[in-house]
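Please model the entire structure based on the sequences and the hints provided.
Residues per chain, in single letters:
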Amino acid sequence: MTDPEILSYTRETGDFSRLLESVPYARFIGLECERFGDDLIFRLPKKAENLGNPILPAIHGGVIGGFMELSAAIYLMMSQDSLRMPRIVDFSLDYLRAGLNRETYAECRLTRQGNRVANVMISAWQKSRSQPIATARAHFLLED
Amino acid sequence: MTDDIRMNRVRRFIETLNQACELGLSVETAGEGTLTMCLPYSDRIIGNPDTGVIHGGAITTLMDTTSGSVILCALEDFELCPTLDLRVDYMRPAEPHKPVFARAETYKVTRNIIFTRCEAYQEGGETIANCVGTFMRIGKEATPKSYRDLITGGEA
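Those protein sequence lines, which keep their order, are chains P and W. The numbers in our numbering rise by one with no breaks, and the one at position 87 of the first sequence is 87. The numbers in our numbering rise by one with no breaks, and the one at position 145 of the second sequence is 145.
Treat the hints loosely; a few may be bogus.
What the hints assert, rightly or not - In silico SDA-like links for lysine to any residue, alpha-carbon gap of 20 Å or less:
(1) W:Lys140 with P:Leu56
(2) P:Lys46 with W:Asn18
(3) W:Lys140 with P:Pro54
(4) W:Lys145 with P:Pro57
(5) W:Lys140 with W:Thr152
(6) P:Lys47 with W:Thr16
Hint data in this document are derived by calculation from the structure and do not stem from the laboratory. This one's a predicted model, so the numbers in the text were calculated from it and none came from an experiment.
Spelled out as structure tokens, the structure:
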């Protein structure tokens with residue numbers, strides 16, 4: 001993750017494949033990321049291994065949390081000139097709708113960045129961005 | 001209900017959760033309104049390749065699963081209760097190559113909502129993370145009888 005060459009490659013090209021390849025947990029859940037202008041959209045493709053509730057079936061709430069948490073960390077790393085994965089301090093997650101067994105998206109917003117701590121809002125949706133399945137808020141420690 | 005019945009219900013329940021199986025989550029102990037589960041270390045869930053520290057997302061899944069499953073240890077009848085929210089505080093990174101345990105309790109059960117607390121820790125007892133959660137009671141009829149029978153194993 002701290003490989004400066006991979007980070008500068010990602011910043012220059014907007015190609016996240018090498019960066020994500022270097023984080024085992026990103027591969028484990030199947031996280032992908034694409035850049036549109038300055039915006040980043042994170043994607044969690046449909047994956048049977050990510051399911052929890054087998055009746056609906058629905059994506060495991062923990063996977064939705066992990067997806068949003070990792071999205072926020074990558075977003076933060078790309079939005080500043082940090083070479084380090086920011087360290088998460090706390091994470092508060094509201095589940096608004098069941099995350100069904102289909103592709104899920106997430107976007108992040110930097111609410112406030114101080115010298116040492118950053119506050120990031122994350123929203124995840126499936127069918128429509130205006131109907132999020134979960135929203136979250138995270139604090140990260142910025143150490144360089 | 002005995003602790004053995006609680007333990008068996010939770011075991012059967014987590015066997016139906018794909019992601020819990022992927023992570024290799026297992027039940028350690030079950031009591032009335034309490035449950036301890038274990039997440040084994042794996043290279044596949046590393047978040048920081050330089051240190052080998054597992055990603056917070058795997059801890060979140062461990063705590064969500066333990067908090068959701070402790071409900072089975074608190075209610076006589078099996079009810080599937082969706083998570084309303086989770087708040088996780090990370091105290092310190094988990095030490096690599098060691099399992100992480102999560103101990104959860106239901107500290108308040110009402111007609112509509114179940115409130116849980118959960119602590120993740122490693123051997124030696126140092127806290128990795130704390131989590132509080134709320135779960136919605138949607139009634140046991142909201143879950144198909146066949147699935148309820150699968151979990152209770154026809155015991156109740």
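These are the hints, each one checked on the structure:
1. W:Lys140 with P:Leu56: 15 Å, holds
2. P:Lys46 with W:Asn18: 13 Å, holds
3. W:Lys140 with P:Pro54: 16 Å, holds
4. W:Lys145 with P:Pro57: Status holds; Cα separation ~16 Å.
5. W:Lys140 with W:Thr152: 12 Å, holds
6. P:Lys47 with W:Thr16: OK: lysine 47 (chain P) and threonine 16 (chain W) at ~15 Å, within 20 Å.
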